[in-house]
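Number of protein chains: 2
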Amino acid sequence: MTTQYVYYFGDGHAEGNAKMKDVLGGKGAGLAEMTNIGVPVPPGFTISTAVCTYFYDHDKTYPPELKQQVADNLANVEKSVDRKFGDRKKPLLVSVRSGARASMPGMMDTILNLGLNDETVQGLAESADERFAFDSYRRFIQMYSDVVLEIDREHFEHELTAAREHAGAQTDAQIPADALRELVATYKKLVQEKIGRDFPQDVHEQLWGAIGAVFNSWNNQRAITYRKLNGIPDEWGTAVNVQSMVFGNMGDDCATGVAFTRSPSVGERKFFGEFLPNAQGEDVVAGIRTPQPISDLEKSMPEAYNQLVDVYKKLEAHYRDMQDIEFTIQSRKLYLLQTRTGKRTGFAAVKIACDMVDEELITHKEAVERVEANQIVQLLAPVFDADEKAKALKGGRLLGRGLPAGPGAATGQIAFNAENAVRMAKDGAVILVRIETSPEDIAGMHSAAGILTSRGGLTSHAAVVARGMGRPCVVGAGSLKVDYNKGELRSEGHEPLEEGDWLSIDGTTGEILGGKLATKPSEIVQVLIDGTMKAEDSEVFRNFDRLLKWADEIRSLGIRTNADTPNDARVARLFGAQGIGLCRTEHMFFAEERILKVREMILARNEAGRRKALDELLPFQRGDFEGIFRELAGLPVTIRLLDPPLHEFLPHTEAQISAVARDMNWGFVELRNKVTQLHETNPMLGHRGCRLGITYPEIYEMQVRAIFQAAADVKKDGIGVHPEVMIPLVGTVKELQLTTEMVHRIAAEVAKERGEKIDYLVGTMIEIPRAALIADKLADGNAQFFSFGTNDLTQMTFGYSRDDAGTFLPEYVDKKILPKDPFESIDQEGVGQLVRLGTELGRSKNPKLKVGVCGEHGGDPDSIRFFRSCKLDYVSCSPYRVPVARLAAAQAELEQKAYEG
Amino acid sequence: MTTQYVYYFGDGHAEGNAKMKDVLGGKGAGLAEMTNIGVPVPPGFTISTAVCTYFYDHDKTYPPELKQQVADNLANVEKSVDRKFGDRKKPLLVSVRSGARASMPGMMDTILNLGLNDETVQGLAESADERFAFDSYRRFIQMYSDVVLEIDREHFEHELTAAREHAGAQTDAQIPADALRELVATYKKLVQEKIGRDFPQDVHEQLWGAIGAVFNSWNNQRAITYRKLNGIPDEWGTAVNVQSMVFGNMGDDCATGVAFTRSPSVGERKFFGEFLPNAQGEDVVAGIRTPQPISDLEKSMPEAYNQLVDVYKKLEAHYRDMQDIEFTIQSRKLYLLQTRTGKRTGFAAVKIACDMVDEELITHKEAVERVEANQIVQLLAPVFDADEKAKALKGGRLLGRGLPAGPGAATGQIAFNAENAVRMAKDGAVILVRIETSPEDIAGMHSAAGILTSRGGLTSHAAVVARGMGRPCVVGAGSLKVDYNKGELRSEGHEPLEEGDWLSIDGTTGEILGGKLATKPSEIVQVLIDGTMKAEDSEVFRNFDRLLKWADEIRSLGIRTNADTPNDARVARLFGAQGIGLCRTEHMFFAEERILKVREMILARNEAGRRKALDELLPFQRGDFEGIFRELAGLPVTIRLLDPPLHEFLPHTEAQISAVARDMNWGFVELRNKVTQLHETNPMLGHRGCRLGITYPEIYEMQVRAIFQAAADVKKDGIGVHPEVMIPLVGTVKELQLTTEMVHRIAAEVAKERGEKIDYLVGTMIEIPRAALIADKLADGNAQFFSFGTNDLTQMTFGYSRDDAGTFLPEYVDKKILPKDPFESIDQEGVGQLVRLGTELGRSKNPKLKVGVCGEHGGDPDSIRFFRSCKLDYVSCSPYRVPVARLAAAQAELEQKAYEG
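Protein chains in written order, with the numbering used here: chain X, 1 to 901; chain W, 902 to 1802.
In case anyone wonders, no lab produced these hints; they're calculated from the structure.
Heads up, a few of these hints could be off.
[Claimed, not checked] Taking beta-carbon pairs under 8 Å as the criterion, some of the chain W residues facing chain X (in silico):
| hint | residue |
| --- | --- |
| 1 | Ile1595 |
| 2 | Pro1598 |
| 3 | Thr1633 |
| 4 | Glu1636 |
| 5 | Ile1669 |
| 6 | Pro1670 |
| 7 | Leu1674 |
| 8 | Phe1699 |
| 9 | Glu1730 |
In this text, a Cβ means the ideal position worked out from N, Cα and C, and glycines have one as well.
Given only the sequences and the hints, what does the whole structure look like? Please build it.
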């Protein structure tokens, strides 16, 4: 049996369907599905992703069966549209487009109008009109030369401009037929000069050239970068869609457009899109002409508009999700060229999910699955302070307005190109200002706090990419002039702004303001944390709250927070944290009044001296813990005893040493010697954590005393309190035994002294590889809980110092030596093995062992999914990541259930 | 059934035997065995080690059965000797001694003459003589007060001296009976004063007090330190031996002594020992009086001497090993009080093992088992240069002679006490000089390069401990006066030496010389490496050689060496290395002519500049490899590509930077900036190993080119060459893939260029925890061999920086948090898990995978045993450890075979 590499669609029936994204790519699957459900789609066929894989595995050649399968399908298309490929009279023209499993907008290549040559253009001219035919031919040569022949497109743009000027035309559409015919001749000469042979006239050569170019474009630099940023595996490959052309540029009863079935920026339930009359699809996406809103279509082409509304309703009902569609109207008849699940901002994602629940389109569970957990942070992002902004507007600082393409407020210094944006972003916030953006700008967009373009619509490259990244973005601000040569952003009536000048943009309203503008908390923060807004006044908050409550009903993984202050604790609790998973006690040591005492302790010549200083520190620590316990009101609080090496508390430069020596009445030389003596070659692997607690037991004793005294005092006020004392950097059973015994002893002493018995646990961090390897022994009668410190565990398991890895880690991610930065998302293959092993070993001795994670991975959705699969009890993350973690934990739960069947 | 806690021996029959060391301790097992084979032993009983365990597990109480069992056995002893415990007329006196499974000489407490009180002393006086009776009583009070009542023994010494002086006696033996009777009264008063009650008169109270004191002494500081130094587990516990007294101090036909059946220092087959006439055993061991050689006994007590010779022959034939015995002669009749396998130096161990093979007492296999692998290093230790020493002797530098107690030559600065020795040893070699040593001196002895005492015999504390530690030692140098008060070592006719002055001792001859004296290679090195001595002139060499050849016949584990130069390679090969397991290429970078090029490479502004400097380095590296390949002549050579971070090659202080900048024609500021830029917070976890090889591929390419060019050139001369290229610091599969591909590519290039195909392997170090965790993937089509870098693996698995761990690691070993320094002997529990796992995972994908170890653990016998159990193919160690490793590998093989049955 021959493998099927090519799948036909057309005339109400397709060989594929929506479920075959792996084989057909997203676009191909969408075309097939639409065909099947009766949406008008020009016929065509999809060459499967398996061919892409074959292509790269076999030195860029094709499976032998492919040629025949393409020929057969092409014949079917010819039959369906009653045209013939390469035919002089009724030529079939096709588009050739890429289509990967995941959407990669603009990243790979597309060729339209393929099948035109000196012969067929005549046929097209005869059957349609001459101007249209030669415009199509010149477009085709231009695109094909760029994509397949790799001739710089600027050469063609240059000739096009010359032709336009020569014809005295304002726009390309005004260039007359004759001029276009001449332009085609010029283009062909250009090709001959550049590549030393004629532009291919054989339509089959054209087709195979285009297919090869699409497969090749899977591995162009843009596509590779995009995949890396979006976590798309390289081995997926792309499909190729060959489809008979329909033309949005055949006259004023033609158009081409893109639309979302709901607003992708705020989620509003409203048909939402843009079109360009008498244009081809690429014109919309490229953002070269600013398109008209879809509402205008209702007026200009009511018939087509009604068809479109029908289709949009059909598609949303069918897919039960917001769709992003591409359409062309040829002579008033609507054709759909693409449908896919629409990308959306976090705001839109939450609103659409909640609305669809209300519309009874989806369940709570589906709503939870629909919102990418990381997107939730967008809803918490700052906005401009309303008063400040009002003042700025009054003060005449409004430079202009554009389309609100990515919500959120951003203020930063202007950068006029991606390279500068990347460089400047190292020192502060940057607004990337471009006429329009292109895939080459991705790195710059990623670095920028906000993006502004003077051209392009809400579906332009800038808008789509910015939304994906969650960057505030304003596009199509046509009243602003971006002058790359002078390095200026001009707005009438205002001084020109230069690179480095401050600029503020509001991605929710589209406003652009000169200068810096203070931002203020998001609505959710205002309702939940600051109390400056009422819940009933904020739909955003209400949807956020509903969604997270649905998530809470689903998830089994607990969410705690990393918090060192009562305020952090409060914020996290309001965000839904179910306790503190990591309270770092050393952060408290740095406060001004305390650091002196800490230094006295370190510099003490003996234990008695240390104890004296520690006695003075104790009330401070007790106060800190009391504040946190009161805030948590009965939720568990995991407190990690002192972790960093002592030298972190000492001054390091000569000047600092001199100042501290003066303050402390110490000799400079003496203090410098002490600093030198405490210096470590590899502090990460040095005298810290429980190693300090064992060599200077008095330090840990003070901390534990402070914890239990605070707990007793809070409990006396009738407030619940559940401290969980956590020993850091444990690598041997004996370390844990010694420190655990100490905790129990001090707890008993304080219980006696304060007359209050506290319900507490003692446990250990698992952050040293050896701890994971001997976790059974650590759990056996010693630790009552484990908390994986995946930051340090990653450092030691990889042998990477987080402080130093910057010299090679970015290159490692670039070169695919690592799939991701292991400090951002847990390395499941290596470090993850230790997490799983440690958990299993620990539970083998103590089935009730509580196991959590307190590294920064606790707020990363991929990591959370992994931790859930390891059956951890909770993750702990920073307060603002708590909502993300709640949602991700629910999604992980659903995935795990699905996996377990 | 009641547990048997007490085991009787006497009258030719014992309840125990030699195999019951675990239960009876070494001494108890020896007494039982001797009783059974008809050697004269005073009857007694042993309280088992289980009681010690019980004692510490139950708050220092005894099993309830014990009382009755002791009483029953005591009754048997009474019957056997026809005396009664506490009886006025025929009192039974007993000794109470500790006896652990492993010998711990002088570490725990012993009490003699127990059973004496104001009544029984009269009986003893009547049945023997008065002087003897009161001398025994005063000894008993003194010992019991020290050990059980914890009264400082100096008080008693003080009264004894006063009594001696008052009586005008020279020695204690000359103090008359009356004076001793008075002394007993004084002693009793002293006890009353110190403890507020009378010296116990109830003999049972005495007995139980003594038993308790012995169990308590298991955990005194001396004993704990000794166990730590000798790797004896704390949980073993001690037995207690209660034995009827025999007296070596009842007159001139009495004596007490210790003897070895062969020489413990050089192994000579000659009865070898010392005795004191009219003395008790403790007098010999304490070294207070210098004893007479055993040959004198033949003259003074021929009858007893002949009995002793018979017993020694019987014991050696029975135990088939050199024995260390304690005996007492009471009224011409010989009693054995102890036999055990004699401790011996490395020299003696090798000679005895070889001699016993020749005597057909033991097999080759047993000979191999008999020599502690670490002891072999003693045979390689330097001796004084004969000419130098002759000159020094001629120059009148000989200060005196003592007994040669620990072979080897040592030169160092004098320290008069242990504390100073420990301190001074940090800066250089120290000779610890004492009148006599005691268990309190152990730490000082450990720090010292050599030990000298002016008092004591070959079985004195100093001699026994020094031999165990392998320290050169001279004891009993009576012509030298050690004056602690003045801090002087005086020898007639010489200027007094003070602390810090240089001194040289020859532990093989007993000579003591003033000043520093150059040492020279051992006989083995002279024969094997230097060729300055012939094998036939060195029995030491011949035995060493035979033993290691027997070891080679047994072992399956390969032994390679860590060598970076042709000379190291040569030495190792002569010591029996079967290849190089680690050749560090960066050591070659530090040579003067090269470091400049290396720096040029590092400071180059781009790849071209780096390549230029590397091209100039290439001939140097090629030359190095060529030398090594020629030396190894066909044995495999594992070459590790560059490992350390680049900043290691740059200057660091301002002065160095300034000098280098001048040399290199670089700006000072520019160079300093580069140094700062390359600085790492945690260099151990930084940009090094294959991370460098990936970010600067040109460096590894140069090294690989040099390897293959050198290999081709050597092969052209008809010499076999087998390079094994080793990639360091691999943590991911892709790192290994990229570097491995590069090696194959360069190898092919050089094969073409030089016209020689080289037989080579490419493999990886496993030194990052993650590498062990993904070892299956590393082995699967990538690595052809693994080499565990257990130094780095230990650092990362524990999270210990070797450079910094000095701040807590000694305390960790002290506090038993770690059983041993994990950098000396591999941590089997944690790091070992990764070695085992990595090996198993690797072999699961490639059953032929060659696996070795190249950390310093490769020369540690305990680690070697572990590596053999993991089925590794080879270990690699420094050249001088190769003989140790060969022997240890054979022992590991025998153990493993025994374990596998």
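Status of each hint after checking the structure:
1. Ile1595: Where the cut-off is 8 Å and the nearest Cβ of chain X is about 7 Å from isoleucine 1595 of chain W, the hint holds.
2. Pro1598: Given a least distance of 11 Å, the restraint on proline 1598 of chain W is violated.
3. Thr1633: Holds - the Cβ of threonine 1633 of chain W comes within 8 Å of chain X, reaching about 6 Å at its closest.
4. Glu1636: 6 Å, holds
5. Ile1669: At 4 Å from the nearest chain X Cβ, isoleucine 1669 of chain W passes the 8 Å test, so the hint holds.
6. Pro1670: 4 Å, holds
7. Leu1674: 5 Å, holds
8. Phe1699: 5 Å, holds
9. Glu1730: 6 Å, holds
Hint 2 from the earlier list is the only one contradicted by this structure; the remaining hints agree with it.
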